[in-house]
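Trainee: Residues per chain are reported as follows:
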Amino acid sequence: MTGNVLPPGMSVAGLARVLAAIGSVIGPQWVSSDEQTLFGYRDPNATLDDDAFLPSAVIAPASVEEVRAILRIADQHGLYLWPVSTGKNYGYGGPAPRLKGSAILDLRRMNRIIEVNERLGYALVEPGVSYFDLYRHLRATGSKLWIDCASPGWGGVMGNALDRGAGYTPYADHWSSQCGLEVVLADGEVVRTGMGGVPAAKTWGAFKYGFGPYVDGLFSQSNFGVVTKIGIWLMPEPAAHLPIFIHFPDEDQLEEICEAVFPLRRSGLLNGGIMLAGLLWEGGGVSPRSRWYDGGGAMPPSAMRRMAADLDMGWWNLSTCLYGSAEQVERTHATIRDALAPVRGVRFHTAADRPGDPVFTYRSQLLTGQPNMYEFNLLNWTGGGGHVGFLPTCVFEGAEIARLHALCSRITREGGFDWTGEFSLQARSAIQVQLLQFDRSDPAVLARAHATYKQLIEACAGEGFGQFRTSLAFMDETAATYSFGDGAALRLSERIKDALDPNGILAPGKSGIWPKALRGTGHAM
Amino acid sequence: MQCKLLFGLSLAVLAVASYAGALARPLHSSPAGTRGREVFELRCAMCHADSALAPGTMALGQRVTGIDRVLERRRGGLSADYVRQVVRTGLDRMPPISRVELGDTDVDAVADYLASAEKHP
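Chains as they are written, first to last, in the working numbering: chain A, 703 to 1227; chain B, 13 to 133.
Derived from the structure by calculation, the hints contain no laboratory data. Glycine included, every Cβ here is placed at the ideal spot set by N, Cα and C. One or more hints might be untrue.
[Unchecked claim] Only some residues are given here: those of chain B computed to face chain A with a beta carbon under 8 Å:
{"hint": "1", "residue": "Met58"}
{"hint": "2", "residue": "Cys59"}
{"hint": "3", "residue": "Leu65"}
{"hint": "4", "residue": "Met70"}
{"hint": "5", "residue": "Gln74"}
{"hint": "6", "residue": "Gly78"}
{"hint": "7", "residue": "Arg81"}
{"hint": "8", "residue": "Val82"}
{"hint": "9", "residue": "Gly89"}
{"hint": "10", "residue": "Ala92"}
{"hint": "11", "residue": "Asp104"}
{"hint": "12", "residue": "Ser110"}
{"hint": "13", "residue": "Arg111"}
{"hint": "14", "residue": "Val112"}
So that you can see chain A by itself, here it is in the shape it has in the complex (with noise of 0.2 Å):
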């Protein structure tokens, strides 16, 4: 049975013909518009029905010239496209697209590991190759690279990087670590960024810039183009490593442990992730909710005091690791124990201390570019699988990080439920990870949860903390917070847009830009 979802402005036979004439090309096999199929590439977390970003069609192409082939029909016939390199952003999206009756440009099945270069560090794959996938090569060719996961590993090391989503070791900026994009234009076109653009260079992974303008930035977090390859940089391994965790008892140390990291962040004695997670993070992979309070509205600190005292874990829980020589791992453990010892009620921490600890073994994982599935299990504490990420930006200030999480906290518990997140601490940034949490299944909650994040949205862009990244029903209103000149951003996304996607063919709405045709229709939320 096919979907009855259009794409706007298509009639059924014109969906029809669309459909055919990509699957004359790729293979009818590979164009599905049946409600099946239909139904995986839903947001199944959103904080909206179903219904609001369902796709009309997935069409998988398995080679650039297929791309170009369904670019080229596509803008032909006006068919919106929304291109997925593994589809696994749940929180985000997942494989859902903005404009609802897009068709899903489904990458996956271009997943090759087309090299690794293991002198130099890097790899080139394409869309469809998972975290698992890059990590489980790497260890068969025994290779003596990591990767730098996101958490869960499923997620694509493109698709994670062209979103600028982090991980946890030194290369966990995923942007940063990227070098040398291949991108098809809208109307077919092959661009290769860098260094990509001299054919017989060999540096195409191993130097960022070409000549002229740096234009990689452009196809992140975008609908510029479709990027068919990308460089991702690979850290050597290290002789030594030691993950540490560190726990603190209370709330309201939030800021003394902030100005304590900064200056061994600053210092680069601390140069891997460092993730500072609440209490509900922390121990909510490894108990519900119920067992701590079956009540209504966010949980009470008592009832947070005892969980953290049955999981012996603090309110505020430090996980990062020590890479270098075996000598320099044991020295920089010694001054960080000093340097963190005056702060309040502290406890150090290391695995060996919780042999098969969950908490302790998986951040291990993560912390050394192992993939796992493990925080999928945060969606044990309430049940119903809703959640979507709020990540407000804030400077590398204990202050400034307190302000944050007290805003946001207050406004979270207002709504009624819990603030669940970790801060991500960088060189001279914080990033609030956030899981909104909810019970899709009911409807009363739901219009709450998606009331509550536009509520984060409005306060934190007011006090200064930008976010960064969002999820499809707050992109538009996500990109309006960047109001600087009058939304100057946006109007220059637009006619960049515009230039390089006239028909507006690619992914329509991602970001909040909307091709010309679109804009002002009432498809921005």
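Model the placement of chain B on the given structure of chain A, informed by the hints.
Mentor: Structure of chain B alone, referenced to chain A:
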């Protein structure tokens, strides 16, 4: 200082070694009956292994009682049709797995593997 490798990390290395081993062996050349096990190890075990790191196992243990939460220990007691349906439509926190990601042949293989109590090498 010899850095300590975690006991849990060692387990993870063993688990991933099996993935790597499965990767090294092309699925289409596997003897009949082992393909389902290979697909399970490669594509399902990340969530359904016997481990606290496996969210599918943990969710099953939380959601239902009276059955073994580890899927592979229920082989022979699962319906192949049920497995196919869950893979394609998802269940609770498990999202659907599309035909592009995992083709019908592989889904049939893993469904038959879980439905069969037969031992495979």
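Trainee: Now tell me if each hint is right for this structure.
Mentor: For each hint, the structure was consulted:
{"no.": "1", "hint": "Met58", "verdict": "5 Å, holds"}
{"no.": "2", "hint": "Cys59", "verdict": "5 Å, holds"}
{"no.": "3", "hint": "Leu65", "verdict": "5 Å, holds"}
{"no.": "4", "hint": "Met70", "verdict": "5 Å, holds"}
{"no.": "5", "hint": "Gln74", "verdict": "6 Å, holds"}
{"no.": "6", "hint": "Gly78", "verdict": "18 Å, violated"}
{"no.": "7", "hint": "Arg81", "verdict": "12 Å, violated"}
{"no.": "8", "hint": "Val82", "verdict": "15 Å, violated"}
{"no.": "9", "hint": "Gly89", "verdict": "24 Å, violated"}
{"no.": "10", "hint": "Ala92", "verdict": "17 Å, violated"}
{"no.": "11", "hint": "Asp104", "verdict": "7 Å, holds"}
{"no.": "12", "hint": "Ser110", "verdict": "4 Å, holds"}
{"no.": "13", "hint": "Arg111", "verdict": "6 Å, holds"}
{"no.": "14", "hint": "Val112", "verdict": "4 Å, holds"}
Hints 6, 7, 8, 9 and 10 from the list above are not met by this structure, while the remaining hints are.
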